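Trainee: The two chains are supplied separately, each in an independent frame; assemble them into the complex guided by the hints.
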Amino acid sequence: MSQPLVEVRDLKVHFPITTGVIFDRVVGHVKAVDGVDLAVPRGKTYGLVGESGCGKSTLGRAILRLTEPTAGSVRFDGVELTKLPPAKMRGMRRRMQMIFQDPMSSLDPRQNVESILVEGLQAHGIGADRNERRKIISKTLDAVGLPKWALSRYPHEFSGGQRQRIGIARALVLGPELIVADEPVSALDVSIQAQVINLLDELQDELGLTYLVIAHDLAVVRHISDVVGVMYLGALVEEAPSDRLYREPLHPYTRALMSAVPVPDPEVEDRRERILLAGDLPSPANPPPGCRFHTRCPWAQPTRCADERPVLRDVGGTRVACHWAEQINSGELRRHEVRVELIRPEGEGETPGVVSAPSEPGSYV
Amino acid sequence: MALLDVEDLSVTFRRRGQRTVHAVDGVSFSVDAGEVVALVGESGCGKSVTSLALMGLLPRRGAQVGGSANFDGTELLALDQRSMRDIRGKDVAMIFQDPLSSLNPVIPIGIQVTEVLVRHRGMSGDAARKEAANLLDRVGIPDPRRRLKEYPHQLSGGMRQRALIAIAVACQPRLLIADEPTTALDVTIQAQILELLKELVRDSNTALIMITHDLGVVAGMCDMINVLYAGRVVESARRKELFAAPRHPYTVGLLRSIPRLDVGRGEKLTPIRGSVRDVLPWSEGCAFAPRCDRRIDASIGEPPPMVPTHTGHSYRCVNPVPVEEKA
Ligand SMILES: Nc1ncnc2c1ncn2[C@@H]1O[C@H](COP(=O)(O)OP(=O)(O)OP(=O)(O)O)[C@@H](O)[C@H]1O
Ligand SMILES: Nc1ncnc2c1ncn2[C@@H]1O[C@H](COP(=O)(O)OP(=O)(O)O)[C@@H](O)[C@H]1O
Ligand code: SF4
Ligand SMILES: [Mg+2]
Ligand SMILES: [Mg+2]
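Residue numbers (this note's numbering), protein chains in the order written: chain A, 1 to 365; chain B, 1 to 327.
It is worth saying that the hints were derived from the structure and are not from the lab.
Be careful, since some hints might not be right.
[Claimed, not checked] Just the calculated beta-carbon pair ranges, DEER-fashion: (1) A:R247 <-> B:K268: 15 to 23 Å; (2) A:E202 <-> B:D297: 31 to 39 Å; (3) B:E199 <-> A:Q301: 27 to 35 Å; (4) A:E157 <-> B:P322: 35 to 43 Å.
Bear in mind that the values here come from a model prediction, so they are computed numbers and not experimental data.
Backbone N, C-alpha and C fix where the C-beta goes; we use that ideal spot for every residue, glycine too.
Next comes chain B alone, as it looks inside the complex (with noise of 0.2 Å):
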């Protein structure tokens, strides 16, 4: 058994006047210790309302959430706000895109780090302060003893995500969830952060969850690939596999899209057309089938079922792409 494992998760939102949206609609998946798993989509398809979700952090009104969510033998929606708390934060802890705004702005850095490890380590206040300044270190802040005293907009963001990791780690969580941590960041500091949660996975076995956009930080770093399409999973594979041999329209039609560094000028790319905005209801067939060329008959009517290979490689299609077809 995984670690975490998602099973059929759905989440509705319904708001008295407003259109129900079924922001995630059944998506499964699961990560192990030491274990990198992405989710990769484009803007809405339910990769942070996933996260949420998983994390109780959903507002109660208006959210339903179905499907479950096993966490090594504990079911996590079903936990109540209290349990769910003291499992957040110990167990399981969150990185935000936005480091801003999920520090505490009026709270000097040292003492966000130190209360973790006082609450959820159970550490006495001159231990706290010491390993805190280890973590800081740990995550490349320079002269970290210092640094504890600041607060954070006195911090460059690529420091305060630093910062913030170093709050997610406090506590040796046995799972991280990363919601876009670098897309606020330069490149050259994308660089370090990507750098220095490898080195976290790797030193302490923690189990990533890495939700992104960027099918280059995924190609990096991530042991098991979920591409998520209007709220489902619609093509899941091992790293090599997924970019070798991409069996979803969707997934080649992203690839195929994509500038890449080490292609020239003149070479032509391939769009997707239309714009997640033409999407059919999955209860009346393949979501992406109004933008998809390889669209038969078969694509309409019915939501097409997750087609699994022996290799571990599925894809969410009755008429995926030939493995050949793929350059």
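For reference, chain A alone in the conformation it holds in the complex (with noise of 0.2 Å):
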């Protein structure tokens, strides 16, 4: 097997909490990434799923160095990236791109597609003169499906799903081998997400691509993935090819969350089983000790669960960081019922300050 086009070791990405007006005191740390190892094979889609503010997004900033990485290393193509000067990284960025979930926030209003587009190839040196810009930007909006004359329009023009199609070929026109997409479709209507589904495939067999696909969609996940990585509380729970990942999940985690996702056939969810987990995730903040999962795990066991940290370990082809994996999956181990702890969401405690009263009486209830 080749070498991964990406390999990340054990990534950390903490970001201080800070109280006080002039001076700023750390009063502790949101643990956003906190040791994650992984490897995006090339020409593959890697899929990164999990729930809201597990740390998906951090990590896939912290891959492309957009945020700073606190500890650990990140290898694009051989190259350590964490300690690249700026100005080689500068190099490095027109082979790594990024496509966000809100193409509208993502895309300079005041700017034609046409401008978008140049400003890109312009910033890294692509393209000899105008005609050979102009050459490249029409091969990629026939690549992306949108028509000739988008180059003249303004965003708020388009639909979501063009704007989407806009976002993908900005990052496109740059010739990039790895394309980071963090919620790619989630934004856009059901009918609309399908087309960007297949247009990121398209473009992968074409032009032999990497993905690392970021989202919140298992099913999403599933159906462009090669390999998926689970995360909960900002470290990796379970990886696999996708496929097994569906067949045979092994972390109570990975299984809790495959059984909330609604199917849309009535005979599939009259039959399936639900692991309704209790409460909700813990604090990035303060995270739990031992298995960060323990707190809600339905399989947690008196010993190991709660103080012994659990690592990523080879069950059978899958990566797994659950103490009791096998006796679980071998149903040695049953589930129990989990008590609800309250979690605090940020910034919790104090009481308003600001009083004001609702706009019309009433209009509260």
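Mentor: Here is the structure:
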């Protein structure tokens, strides 16, 4: 097997939590990403799933160094990115591009499509002259299925799906090898999602692109990924080839997550066993000790779970971070009730300072 | 007669200097006690406007409402503000997508629940506080007595949605309208909330109108399903029949374009072409015609009528998808 295009080792991104008006005092850290190992094979798609706040976007941004990692290593095509001087990093950027969730807020509304696309080419010195750049742009437009006349239009003149095509075109003109797509379809209407998913698939076939696709929608991720990693509170809890993960999820969190996804088929819905998780995701500023999932885990055991952090290990071709994966899978260990612990949203505690009346009496009920 | 009968509901927004918008354009459906009825469709198809019209919550100026909505003998659309307010919260309650904006941020949730109990169920303060704790417990909020004193911002999104449901069911409404109640939540939390709603319907025989864009949610819990497109119901059927034998090309298109968790990599999705922006006004034919592969001459010119079948399944299409062609 060839060397993976991207190799991530023990990557950490910790954001300081500060208080104080004049002098910032660091009172803790949000451990958004807290020790992730993964590899993205060339020409394949790695899908990253997990609930909001588990650190997916931060991980994606840290790999591209759009957010500086706190520790760990990211190798791209054999080159260590975390230690690369800024000038060299800028050169690498062309080879790795990002697509965002909300095409509207990631596109400058005052630029027409042509200037959005030319900008990138100029910044990276691609294309000898105007003519050559025109050629690259028109090829890219074709590839993403936008008409020629789109060039002179502005982002607001397009529908959501078309805007996402513009976002994809902006990434593609530079001829990247890696595309990190953060929730590429979640802002789109159902009937449009499939257009964009198919487009990403076709582009991969044609151009041999490597994708890291980040999404909270498991069905979308299963559909486009070769390998899927499941994140919980800043770390991977399970990683496996897509079909294998869905056929035989090993981690209790993966099992719960998959059992919670509604399937548009009443026959399936009526048959399925649901594993309802109690309570909410704990705060990444204050993650539980031991297994981070033990506060919600229906299989948690009196030993190890609360005090020993499980590491990713190979269990029959799946990488899983659970002390009891084998015993759970064989049915030896059974599910039990979990008591709900209340989780505070960030910035909890104090009562609201500003008192405002509802705009219309009774409008709140 | 059903608990709620909506007939030919229409909502038109007119603003000076702006295009007239037919947000809801002749919607009919009905809901029985203990029944879950879905309004499903994509962004902008008129789901929320329909529910706001039923609740009398549309802006007075600019929104013109037509048709009828008969709730157990009372015509909702003809009520003045005051009688509407009496019905709202007592007989009919609503749950919104974003609980934070529908809870009062400066009043502890306990007081928000007890207020409803005192106002609509005539309880004394003490009894109301006790019942409020019961309600929070029932919707799965841990340690309910302590939670009563807390403000909405001190609770997570899922817990806020539970609090909002507690307020909505406090006065034992006969009809509950839930507008995308789980869209802002993670799937594991969504599963908890949907389970809770199902339980409420089962235990209290409440009628529930479930508004969503998610056909998966619909498949799991709705008895009767209405698919909306551009302000009209284009297909209406009982749950199993709709998924087993969808007839409207839009419904079929949606089902073919959704990635499914139980279908693997490599299976190609079939998208619907164009976008919801490419609509024909209903007065000029089928609004879906510009995006439809089954369009025929009869699709254009006049709005297709709703075609009923003997099973209670109906669709608005002049060239419906044959039953066997579904898979
Ligand atoms: N106050 C208003 N003034 C003018 N037009 C409006 C108003 N409220 C809604 N509309 C329009 O009415 C149509 C239907 O809107 P509605 O909010 O019911 O959609 P929806 O089906 O709930 O969509 P979503 O899934 O995005 O919530 C849209 O075209 C919308 O732009
Ligand atoms: N710039 C930042 N400063 C402080 N905290 C952040 C920042 N970016 C993200 N976080 C926090 O890190 C955690 C992970 O965030 P994110 O990667 O965006 O999650 P996801 O994409 O999985 O929803 C969250 O708790 C979030 O609030
Ligand atoms: S290690 Fe323990 S708590 Fe963690 S997932 Fe496995 S069984 Fe559950
Ligand atoms: Mg994110
Ligand atoms: Mg809406």
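Trainee: State the violated hints by number, sorted upward, taking the hints as numbered earlier in the document.
Mentor: none
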